[in-house]
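Asks: Below are the chains, spelled out letter by letter.
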Amino acid sequence: MRRMAIAALALIGAFVAMYLALYKFGAIGHLACGLGSCERVNTSRWATFLGAPVAAWGFAFYAVTFVVALVGTSPAWSGRREISVLLTVMSAVGVVFSAWLTYLELYVIDAVCRYCVVSAVIVTLILFVSVSDLYHSGRRTTPLLADGE
Amino acid sequence: MANNNPPRNARSASKNASGRSTANVNGARTGFYALLIAIAVIGAGVIFYLMKNPAAGDANAERGAQYDSLKANYAKAGPAQPYVVGNANAPVVIEEFADFECPVCGSYATVTEPDVRKRIIEPGLASYKFYDFPLPMHKNSQAASNAAACAEEQGKFWPMHDQLFAGQDAWGLQPDGATQVTDNPKPIFLGYAKAVGLNTDQWEKCFDSRKYQSRINANAAQGFRRNVNQTPTFYVNGKAFPGSIAYDNLKRAVDEAAAAPKPASGQ
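Keeping their order, the protein sequence lines are chains W and G. Each residue of the first sequence is one higher than the one before, counting from 1 in our numbering. Each residue of the second sequence is one higher than the one before, counting from 150 in our numbering.
The set of hints was computed from the structure by calculation and includes no laboratory data. One or more hints might be untrue.
To be verified - Straight-line alpha carbon distances no greater than 25 Å define the calculated DSS-like cross-link-like pairs of lysine-lysine that follow:
1) G:Lys335 x G:Lys388
2) W:Lys24 x G:Lys400
3) G:Lys305 x G:Lys225
4) W:Lys24 x G:Lys388
5) W:Lys24 x G:Lys267
Just chain W, same shape as in the assembly (with noise of 0.2 Å):
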């Protein structure tokens, strides 16, 4: 069940960076003067991480997290505890780096993206979900050894 959310939350992310990515790379053209936040912040140097746009890393991540997850409901990989390791350790790191861009947004750039901020949200509570699935994969898995002893 938590990793059905977790995949949710990582196929809404997805949509949100996908939206951001395509605003990057042109194909959401609109005319605007720089004014608005999101025009600030995703025109900003700070877009653009190891030479591609932030939000295109953003889509890659939203997305193998939800195939992660969509693997991890399967009946085959639901009880391994390897697969709420993963997300787990993804999604610290999916934290870890929208902390950095959320202060680049609030103390560098001085603008705040509303679709930067709801990525934030995401990818956050696909944390909590993530460290709630690993702490009860752990006690699952406790009965099964107690078991086979």
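We have chain W; now place chain G onto it with these hints.
Replies: For chain G alone, coordinates are given in the frame of chain W:
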């Protein structure tokens, strides 16, 4: 042996439980897939709609239609005639697409551009081309572009350019960024014409007849051809820098363009 009974009971209990839980799991799974499909359909639908209606995501929903009609008008415009300053033989060409009423263009023009002129243009490192790109939501922007074009007729585009940007608060947007300070900016522009030493009769005739509207349209058309979608947008030897730009970043771009083996044509 003592271990056999409890596991059998446990197995049977687990069977019952798993019978119930299988039904629950199947139900949850069906609901889950339905939810994913709903998210995918809504998400894809919203993005498709925004791609078809470029400005629909903005607060001003009229912009989408305005964008399309402007684009259609500009498609008929002739070749661009930007306002040029600096050494025509400079190895680097900086091009700026700007809207006189855009506050970000204003802050660039008043804070950064003096440095650009003094340290890049005057030493001959680059020439500078200014293209009008009046945005539809700025009601006085076309008038301001006309005011500047009519100043160009008397060789005073750049002083008028500076006056217009420095005086934005008097004729442009209110601090809310949405409403205009005035519906009639002409008296203010006339004041600028006097201040920069223009023949005001000539300037006024030119301004009233919108004599250079086709030039303004042609400059904007150049922006549409290059997919400019925000102001200011800069090009340094053809490389795009959308949004405002700090002096250091522009200087770096100029230095890189000058060092490049084959600089591209500015146009």
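Asks: Take the hints in turn and mark each one as holding or not.
Replies: Evaluation of the provided hints:
Distance restraint check for Lys335 (chain G) and Lys388 (chain G): the Cα-Cα separation of roughly 36 Å exceeds the 25 Å cut-off, and the hinted pair is therefore not satisfied. Between Lys24 (chain W) and Lys400 (chain G), the direct Cα distance comes to roughly 24 Å. Compliance with the 25 Å bound is thereby established for this hinted pair. Note on Lys305 (chain G) and Lys225 (chain G): the hinted pairing is violated, with a Cα-Cα distance of about 28 Å set against a maximum of 25 Å. In summary, the hint linking Lys24 (chain W) to Lys388 (chain G) is supported, as the alpha carbons are separated by about 16 Å, within the 25 Å threshold.
Simply put, Lys24 (chain W) and Lys267 (chain G) have alpha-carbon atoms about 32 Å apart, too far for the 25 Å limit, and the pair is violated.
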